[in-house]
Structure formats: structure tokens, C-alpha cells
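A.B. asks: The primary structure of each chain is shown beneath.
Protein chains: 4
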Amino acid sequence: MPIINHVASLHEEITGWRRDLHENPELLYDVHRTAAMVADKLKAFGCDEVVTGVGRTGVVGVIRGKSGKSGKVIGLRADMDALPIEEITGLPYASKVKGKMHACGHDGHTAMLLGAAKYLAESRNFDGTAVVIFQPAEEGGAGGKAMVDDGMMDRWGIQEVYGMHNAPGMPVGTFATRKGALLAASDFFSIDIEGKGSHAAEPHKGVDTLVVGANILLALQTIVARNLDPLKSGVVTVGAFNGGHANNVIPQHVKMLGTVRTLLPEVRDLLEKRVIETAQGIAAAYGAVAKVDYRRSYPVTVNHGRETDFAVSVAAEIAGRDKVEPDVTPIMGGEDFSFMLEARPGNMI
Amino acid sequence: MPIINHVASLHEEITGWRRDLHENPELLYDVHRTAAMVADKLKAFGCDEVVTGVGRTGVVGVIRGKSGKSGKVIGLRADMDALPIEEITGLPYASKVKGKMHACGHDGHTAMLLGAAKYLAESRNFDGTAVVIFQPAEEGGAGGKAMVDDGMMDRWGIQEVYGMHNAPGMPVGTFATRKGALLAASDFFSIDIEGKGSHAAEPHKGVDTLVVGANILLALQTIVARNLDPLKSGVVTVGAFNGGHANNVIPQHVKMLGTVRTLLPEVRDLLEKRVIETAQGIAAAYGAVAKVDYRRSYPVTVNHGRETDFAVSVAAEIAGRDKVEPDVTPIMGGEDFSFMLEARPGNMI
Amino acid sequence: MPIINHVASLHEEITGWRRDLHENPELLYDVHRTAAMVADKLKAFGCDEVVTGVGRTGVVGVIRGKSGKSGKVIGLRADMDALPIEEITGLPYASKVKGKMHACGHDGHTAMLLGAAKYLAESRNFDGTAVVIFQPAEEGGAGGKAMVDDGMMDRWGIQEVYGMHNAPGMPVGTFATRKGALLAASDFFSIDIEGKGSHAAEPHKGVDTLVVGANILLALQTIVARNLDPLKSGVVTVGAFNGGHANNVIPQHVKMLGTVRTLLPEVRDLLEKRVIETAQGIAAAYGAVAKVDYRRSYPVTVNHGRETDFAVSVAAEIAGRDKVEPDVTPIMGGEDFSFMLEARPGNMI
Amino acid sequence: MPIINHVASLHEEITGWRRDLHENPELLYDVHRTAAMVADKLKAFGCDEVVTGVGRTGVVGVIRGKSGKSGKVIGLRADMDALPIEEITGLPYASKVKGKMHACGHDGHTAMLLGAAKYLAESRNFDGTAVVIFQPAEEGGAGGKAMVDDGMMDRWGIQEVYGMHNAPGMPVGTFATRKGALLAASDFFSIDIEGKGSHAAEPHKGVDTLVVGANILLALQTIVARNLDPLKSGVVTVGAFNGGHANNVIPQHVKMLGTVRTLLPEVRDLLEKRVIETAQGIAAAYGAVAKVDYRRSYPVTVNHGRETDFAVSVAAEIAGRDKVEPDVTPIMGGEDFSFMLEARPGNMI
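In the order they appear, the protein sequences are chains A, B, C and D.
Numbered per my numbering, the first sequence spans residues 939 to 1287.
Numbered per my numbering, the second sequence spans residues 939 to 1287.
Numbered per my numbering, the third sequence spans residues 939 to 1287.
Numbered per my numbering, the fourth sequence spans residues 939 to 1287.
Careful: at least some of the hints might be erroneous.
As the list claims (entries may be wrong) - Straight line, CA to CA, 20 Å or less: simulated SDA-like cross-link-like pairs of lysine to any residue:
id	chain 1	residue 1	chain 2	residue 2
1	C	1117	C	1136
2	C	1143	A	1207
3	A	1170	D	1268
4	C	1170	B	1268
5	D	1038	D	1021
6	D	1004	D	983
As the list claims (entries may be wrong) - Taking CB as the label site, the calculated pair distances span:
id	chain 1	residue 1	chain 2	residue 2	range
7	B	1169	C	1231	23 to 31 Å
8	D	978	A	1203	49 to 57 Å
9	A	1004	D	1260	21 to 29 Å
10	B	1252	C	1022	45 to 53 Å
11	A	1266	B	1143	32 to 40 Å
12	A	1092	B	1191	45 to 53 Å
13	C	1259	B	1244	15 to 23 Å
14	C	1258	B	1255	33 to 41 Å
Derived from the structure by calculation, the hints contain no laboratory data.
For each residue, glycine too, the CB sits at the ideal point set by N, CA and C.
Produce the entire structure from the sequences given, and follow the hints as far as they go.
C.D. replies: Written out as C-alpha cells, the structure reads:
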């Protein structure tokens, strides 16, 4: 029986798992129910080893192929956490937890990898070792980094890692990936502007932080327009600008929040440098002070060449050559799997 | 006994009233305790008429001079309301009401006018009629306008009105006023910018309201710098700019609040026109929409010439010529007494 | 015969002088023909002393009153230079010199003072000494300063100085002046922005001086809007912004020219400080350099109190009390006579 | 003898032609000497047909292969015009014409194609027909478009076109091209801002065009930063901003020049629309008028897939597979050959 038929026979079971997970979303590292369910299943499938608490609440399962320890050790990764969004879909299996929802499809990722684990554990028809990795906190918590930092790669001798993310805009049964940068580096910044509050009728007694902030915000637009090579990609977005409550008082503080997305390390460095210089320099010109807190979050998700060729060939074997796009346009969103791809060669599809 | 000695004999009593009022601040039109206290005192002083509920919660007392109805009918006005500010002075007579405080001195104004009423009712040594006016809601409620709209001027045949405001920066025993504009017209505006929200990594799918708002805010600065005659006075201040909560979402809405202060009707008209044109025009250039809600609040406080000369001469008689500044620089703050000075000639000192 | 009739008898002659001067305009210090004509006339009138070459090309005439050296020494000043403007009026006595014109009325000022000198020299009906001062280079050359620096005030013991400027907007026969600041201090600045030129298609290889300059220009607008007391007057104007020649090259240099007008020394200092800080600070935020050349030109024209009262009383005596405005609004234009009023008390009317 | 050796034997001759052309640069359509020299050579080589005056001053030569009319008709194109730049290289064969120089290498292009024509005419060892095309006015004159509009493609039945451009940054002997967009569309705009001039001290009597222009220039930066998909390429550059001459006059007019570079038709449309909207909208918000003259110049140079594969394979055959980059990053510069590639499939390398 070809693999695809085997997996098809698991379809109903996997769907059931997904719906159960969808009804019970958990956030960030607080994925205790999900992790327990995953660990229980992995043990029931007969995994050779099941370890919980990796990177705080991650789960790792080890499945050795028929020929014992020979062959490669391959990591397959899924993510378990949901988002702080209220579900209003009205689906029969909608979230039972107020203010939480599997809106990014991690329920599907986890269920799919459980299905793969079940198949691999039953069939064992491969050389080497499969390590199934279920990470917490993909959404803003860097749970993948936590598992790498916890020594996962060395502990199980993982040689390559593969991940998969659903893509709602693509037809069912198709795949897309690319060598090199697939997803953007996502960095975050906040700018705190401190001026001098005053009565609205006496602006000369203060330093107007709203004017300073507005000038900074416009000057930040020139970074992508003027400092970035037009043939390279980058985004500098301010998402929040908040200062003052009243018509008649000039506020002493303004706070801006923003994000920078890039696909190349040198562009990442450049934009960080320019965001900080711009905010601090403009504020100083007005006699105000801008404190910039710039935090690098997920790095660029960089697919390795050989492993991407391999992933594309496998996908083509299953879905058909014409259903696999091997050189898709990158996406400016970010992904925690980047940390695993920094630690080991691999591919996200 | 000269007037000043008579009034001095009331000093302790007036101080007691002020402290009682200071301990019991009330806001806007909800000055029920204060108005009742005022009305009780006026009756006790023997006023010829005491009417409450004028302009919702204002109080009017009428005191006729010895010579009966002959002579002028003169209005003397005080304001009774406090501010929504927490008192942290630690004074023995500090506010007993959390979050409310007589921070603008209206407790003093009311006590002073009560003292004057007591003296006038006792002595009756004047021609004509004194009408003592205690208004609610000076701080943002236009209680003075409410009393005028309630027919007060005609009902008691008031011919002139006089008001007094304390000035903490001036030495005790000195007076200052000027003919013409003393206090500014205070107008208020809010600008609601509606663009199109989008993910921070996909700015091209939205219309970035923060960029629009920042440009409007900077463009508003050019009104005073470029559209206003440099020899005339005006202020355009944005006091609040709020949009967005997250680093990674471009907000669909931004709200700005601001105020315009002017001393001349034609400048008032010009700045209103330019604020609206600027906000709407800049927003349109970006494909956004700015709704401007522009509300005219207190008009310019314009002192009348003859009445100001009179007030200055009276002040000089009592305090000494050298203690009265008859041509002080105007102030960009606003005052509800403007409405009474629009209805009748008079002076604020 | 009253003074006014005496002067009236000179009307035709004065008009003739004015038209002669109008036909022969000279610029700045190159007023050789004008100065020679003035000196010739003064000698012909019988002045006690006529000195040329004061402050390069200024002329001074001394006329002693009947009672000899007793009484005050009073300076009366006119200006002789024209403007580099092409006359297109078509008047019979229009300028004969291409590109030069008496467009600011100095021909009239000079003719009027010649008339006064003729009258004074003939009548001698005054105590003290009249010193008639004809200065070059009022229009941007500080010829008045040059005469003061040349020792004129001490050399002739001048105790007070008076000047007069025509005002085309006022009815014939009326006068206006004010105590204190009458005309503004005029300062000039140039801002040279040095960035890094690049091809238009490769902005990332340059530092775009046009973006830097545009931001500086907008930020300069906030000085009057935010840093200046709304009750005080000031102007910051950029009059020229020039950078680049081609569509497809980002220029390395941009040059801005501007002026600052103020009526108070502390405002003058504040605006100078803010112009320099703003230009340098904004440029630095973009990685460019702004060199600001800030030159103080004419100071505020400050009329002295006693001398202004005197000038007003004299004007009222001649023209009638109702034809003299003693407290006119100041004007943001500048005047070289300021230097003489800094050296000696006096009045400009 | 392999082709490369044949061509090598022409090396000295081709170099001689190039130096002759380099010494005698001609601009735009005024390439009379160059065109005559090209036509003479082509006739001397024995071309079957030589036609001048195509697209005003272009030259076309036809060389039929041994097998007569069978096979494809292939166009090979070079450009003949120089640039209005002063040569300061000091080379022995430097330009003899003041203010003109072959700074973009068209002398080399022309010489190379002459060499190819000589070889093809001598050897005739090919099927089909070679049409050698020498165009005028590549630098800003659209001479390629002129030749296409003149009916060249149909007149000689050209089926494919190939062009070559030197690349000084690449090692000698290497080639680079790509399928799809290789060079950008170059569009040009000018923005004339009309406000109202006034004296610098009376900004309220004017509409300050420098403020309007500065705001437009900053707002134009937001087009690439906010309206352009971050994964697509585009440039909006203002290269010149000129308004005013004096410190003390607010100019009535400001003129801006700029260019837009894009690689995709939909991006080209979007940026054009936004440049016009932004300039007109911002100007209107200030009460000024911006007239935008937007001229589309060269379209995107789009290489066709099959023809690019063919060009790459030929280049690889001659230079070696490792000397040919088949997927180079596009360049934001523009190229007139785009018009020929719009008319027929082909490749520029």
C-alpha cells in the first residue's frame, strides 16, 4: 500500500484529534492539556522514547526505523499553541475557551504530526530515526528556541529538521517552499518619547511630544524609501502611537510600538540601526528624548538547499510534480521554526 | 468707616466659608450643596430676593440700595464649581471628596461674593440695585451661558456685569485687567481618521492612519507659523493622538483631540477654517478620511471700555493706584464669564 | 507765520528735489551723486558745517540755533539709497537707471530733510543745534551703523535722534508711532545641507539631501507654533530651497535661505537657538550635515518713551491731535535706524 | 576554427572601430557620422541589404545564411549614441567633442555588432537571416521605439531580437541575464507648485509653496514605504527641488523633478497614481495647486523565457557554463531595448 493510502486511512482519526485540540486552545507555554494529550498518544503509538518538559512544555517522541540505529536522525516539528483571539465561527467544534482560538492552524499541525508519528511507529519502514517535535509558544514566545536551548538537537543527535505550515490561500493538495529566505525576520521596537508637558495654551513652556512623535513617524517612512536597496525587501511599520488624553494638555510622554520585517541579515542590521538613529536624532532636534527598546525576535526562516530539494522531491512524489511550487515568493510574516533551521539544516514547506 | 475696613471685619467669616466650600467641592452643574449654602446665606443676609435653579443650579440674590429702584442694576458674578483633580496638599481644610478639588479658586470667588453680599445687604449705602450671581459649571459646562439663556439679564434688568478672578502669580492686594480681549476664545476639536487596517507586514493592503495622522499633526503646526498674522495671537494644539495597540497591526482608526485659542473673531474664524481644511485635505491625499468635529466653546472675554475704566478706578480707590495694572497682557486661557460680557457691558478683573 | 506755512512755501522746491533724486537712484554705499547733491544744498542753505564721507558716504550738516551752543543737540536723519528694482511705473520722473529704483521712498525722505534743513538754516528760530544726517545703505548695508561706528554721535555731541519713514497705506497728513518696539529685528540665515549624492535608482547608496531639507523646513515651522509664546511675535521664514537639477540624480547639496523677525531680545535669542538646533539635529538624524550660517542684521527699532511723547506732541501740534496715532501696531519689517536709536534716545515716526 | 577564434582574429579591428567611435561621440538622433560609418562598413562586409534612415537615423543590415531564405529571421541590436558628459579621462582616444562622451559604452556595442556582422557576412555558416540593427537615441530619446514604429519588425520579418549591454562591474568574459524583468521601467515627473508669494515677514498674506513642497516631498516617501508591496521593487525619487532666490521673499512657485522606477506593470500604474494623488492632495490641503506632468519613458525590459534559455546556452557554449549567470538580480536602471522586446520575443544579456 502506498504511503498516501496508509495516511488516508488515518484521515478520520487525525480530524478527530484536530477538532479536540481546536475546542481546547491553550496559549504560549501554558499548553499543559495539549502536551499531555500529545505525550499520551505518542506512548500509545509505541514510540521508543517520549519526553515531556523539553523547552519548558515541549514534547519529543523518538521512533527508530527497522534497521536500528543506522541512517540519519530526522526531526519533524509541529507547534501546539493557540492565539488570544475570540472565536466567532459558530463551528460545532469551536473553541470552548473564551478569548482563545486555534486561529493559526497549529491544531492541524499537531494532529498531522501525530498522524505521521502513528504511521511511522506502526510501519517502521525506514532507516535511521524519526524524532517528532511538538513545540509550545510559537506565537510570540520563541518556544522553538527554548527547545533548541534546552539541548534537544544534541540530546537526540538530530541531523536535519523539517516543518510544515498550512497555507489557507493555496488549493488543497498543493505544496510550496523555496530555498533560502522563506519567512521574514520579525523584530519589535517601542519608542518612548519624553518631552515636557504643558497647558495647551502655553506650548512654549513645554516640549511637545506629539509633534516629536509625528516627525519621527514620518521620518521612519524614509528608511524603506531611501535607505533600503529597492531590490531587497523590508518593512518598518509603526502599529501604535499613543499620547495624551485631553484636548487642552500637551502630554509629557508618547509611546510608539512597531515592527521591522526583513529577509537578509545585512538588511536587518541596517534597518535596526536606522530606526534607532532616526528616533533618537529627531527627538534630540526638538529637545526631547526618545528611548528605543529594540528586540530581535524570530530570525529569517532560511531553508537549506539540499534539504529543500529533498522536501520538494518527496512532496512531488506524493502530490504530483505539478502540485509543488519549489520557488514561491517569500512572505514578510515570521516563524519560530527559524531557530531550529539555524541549529540544523532543514526545510519548511 | 471706609469700605475696606468694613470688609476687613468680615475677613474671618469669609475665610471660614471658603474653607467649608474647599472641603466640599462639587463638579459642573452638580453644585447642590454649594448652591443651597449660598442661598441660605443670602436669605440670612436679608437679600430682597433669592432665586435658585437659574440656569439649572445657579443662584441669584437681589439687594436694593437705600434709594429704592432708582440707579443702575449691577450684576456681580462668582462661580461655584470645582475641578476633577485629586487634592494632595495635606491642608487642614483639604477636600473631603476623592477626585474633586477647588483647584481654580472658585471657593474663594464664592466666599468673596458672599462677603460682598453681606456688606451690601447690611449697609444698603448705594443707589440702584446689586444682583449677586453665583453660577455653576464654569469649568467646561458653560453655566454662565445657561444663566444668560435662562433669561437672567432681562428678568432682573441687569445693566452691567462685573466679575473677578484670583491670580496666584500676583502679589496680594494688587489688581490687573485690560480693555478689550482679556482671556482667549477656547475652541475644541477632535479629528477621527479612518483608513484601512492591515497586518504590519502588509502595509500595501491598508491605508496607514498613523502616517496620515502624523502628517496632519505636522501640517497643523504650519497654521500658526504661516496662516496667522505674526502680530496677532493664536494657538493650535493637539493634546492627544491615539491609534493602535499592537506592534504588528496597522490601526484602522486614529483619534486626535485638540484646542484652538484666539483673541480676535477673524483669527478664530481663520484658524477653524484652516484646521478643518488641513485635516481633511491631508487625509484625502493618502486615501483616508478625516472627520473633524469642531466645537466653539467660550468666546473671547472682552472687557468693555467704560466699565473697565470704572472697575480700575474703584480698585485704585481701595488698593491704591499703584496696585492696579490697567493694561495687562491677555491670557490664552478661556473663561465662561465671556457669555455674560456678550450679553451686557462689564469687566473682569 | 506758523511753521507749517513756511514749509508749505517750500513744497514745490522739495518736490523738485525728490523727482530729481527719483530719476537718479543709487544703491547701498554708492550714493555719490546723491551725497554730492545733498552736500551742495546744505552748503547753499548756509549750514554751519557740512561733512561728507561719514560712514563711507554719509553726509552730516550742522545748523546752530540763534542762542548759540546752548540747548540740546538733536539729530534728524534721512536715508539716501534706492533698491535694485526695475521701475515700470511710466511716471514722467521715472528712474533713468536700468534696474534701480527709489521704491522705498528714500528720495522723499532725503528731500523732506533737505527742506527742513533749508527752513532751519534760514530761520534759526530754535535753541540748541540741529544735526541733519543723510545716511547711505539703509537697504541691507547698515549704513546707519557705519555712521555711528564712525563716531558721529560723539563728534557732534548728538543727544537725541529722530527719524521719519513714509507709510503709503496711511492717509496724507497723518502720523503713527509707538513707544518701544516699532520695527522688527531682521536676522538672516542660510542652511547648507551636505548628504551623499547618488543615482535616483539607488537611493540606498546616498543620503538624500532633499528629504533632509524637507524635514528641516517642516520642523522649522514648529518653532513659531510651539516654542514661541503665543502672546509674543516672531516669524521664521524659509525663502529659498534649492537642490538638484535633474530628474534622475539625488543631489549632494541643498541650500536654504531664510529670515527671522522678532520684536524682543529674548525671543530673538530663542528663535536663533531653535533654528540652529533644529537644522543640525534633523540633518544628523538622517546622517547628513547641516551648516547653519546665522547673521544678525538690524536690531529691533525701539522708540524711547520721553522722545516718543515729544514727537507725538510735535506732530499733533502741526497736524492735529486726531491725525496722530501714538500706539500703532508694530511691523515685522526691519530698519537700519535701530542702530542710531541704540546709540541715543529718540523716535521714529 | 571555432567561432571564438574567428572573432578573436577580429579583435584588433573591432578595438580600432570602438576607439574611432569613442573619439567622435554624437548625441540622440544626431548620429550622422556614426550611422554613415556603420552603413559603409556593412556594405563593405557584403551585407545583402543596408538601409539607413530607419527610425530617423537608425541603420539596418541584412545578412542571409547559406541555405537562403529558410530558417528564422533574427535581429541583433546595438545602440550608437553618446552622453552629454565632458570626458576627463585623458585617454589617447578620448572624446574630441567638448561636452559629449561615450560614457555608457555604446561605442563598444556598435563596434561589437559590426564585428559580428563582418563574421556573419564572411562565413554565412547559418540558416535563416541575421538582421543587424543599429539604433540612435537610446539615452532618453527612445530611438528603439522609433525604429519599431517605423515598421522595422514587419519590413524584414524579424522573429526574435537579441541585445547585449556591457557591465563594467563584472569580470571580463562573463555574462548575466534573467528571464522576465531585467531592467526597470523609468518614468519621469515634474511637479509645479503654485501658491501665493509674499514678503517673508508677512507669511499670512501668501501660500508658502516651500512648506507645501516639503510636505509633498516627505509624503512621496510614504509611497514606497506604505503603498508598495514589500516583496516588489519600486523607487520614487525626487531629484530636484527649486524654489525662491532670496532670504526675505516667500516664492510663488516651486518646481520638483523626479523619477519612478518599477519592474512590474501593476506597480508602475500604482506608483504613478499615488505620485499624482499625493502631490495634488497635499497641495490642496494648503490652498496651493500642484500640476503634475508625468511622462512614461522606457517600459520594463522583459526577457522572454525560451529566448533567454537560448541566449544563456549560446553564452555558455562560448564562455563556459560557469561564466554565465542565468538569474541575475534585476537592475533599477532603464533601457530603450524594451520597446523591441515588446514587439518581438528576445533577450538582453
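A.B. asks: Determine for every hint whether it applies to the structure shown.
C.D. replies: The hints, checked one at a time:
1. 1117/C <-> 1136/C: Violated: residue 1117/C and residue 1136/C sit about 55 Å apart, past 20 Å.
2. 1143/C <-> 1207/A: 16 Å, holds
3. 1170/A <-> 1268/D: 11 Å, holds
4. 1170/C <-> 1268/B: With Cα atoms ~11 Å apart, residue 1170/C and residue 1268/B stay inside 20 Å; holds.
5. 1038/D <-> 1021/D: 6 Å, holds
6. 1004/D <-> 983/D: Roughly 16 Å between the alpha carbons, so the hint for residue 1004/D and residue 983/D holds.
7. 1169/B <-> 1231/C: 23 to 31 Å: 28 Å, holds
8. 978/D <-> 1203/A: 49 to 57 Å: 56 Å, holds
9. 1004/A <-> 1260/D: 21 to 29 Å: 43 Å, violated
10. 1252/B <-> 1022/C: 45 to 53 Å: At roughly 59 Å between Cβ atoms, residue 1022/C and residue 1252/B fall outside 45 to 53 Å, so the hint is violated.
11. 1266/A <-> 1143/B: 32 to 40 Å: Since the Cβ atoms of residue 1266/A and residue 1143/B sit about 19 Å apart, the hinted range of 32 to 40 Å is violated.
12. 1092/A <-> 1191/B: 45 to 53 Å: With Cβ atoms ~50 Å apart, the hint holds.
13. 1259/C <-> 1244/B: 15 to 23 Å: Distance hint for residue 1259/C, residue 1244/B holds at roughly 21 Å.
14. 1258/C <-> 1255/B: 33 to 41 Å: 35 Å, holds
Comparing the model with each earlier hint shows violations of hints 1, 9, 10, 11; every other hint is respected.
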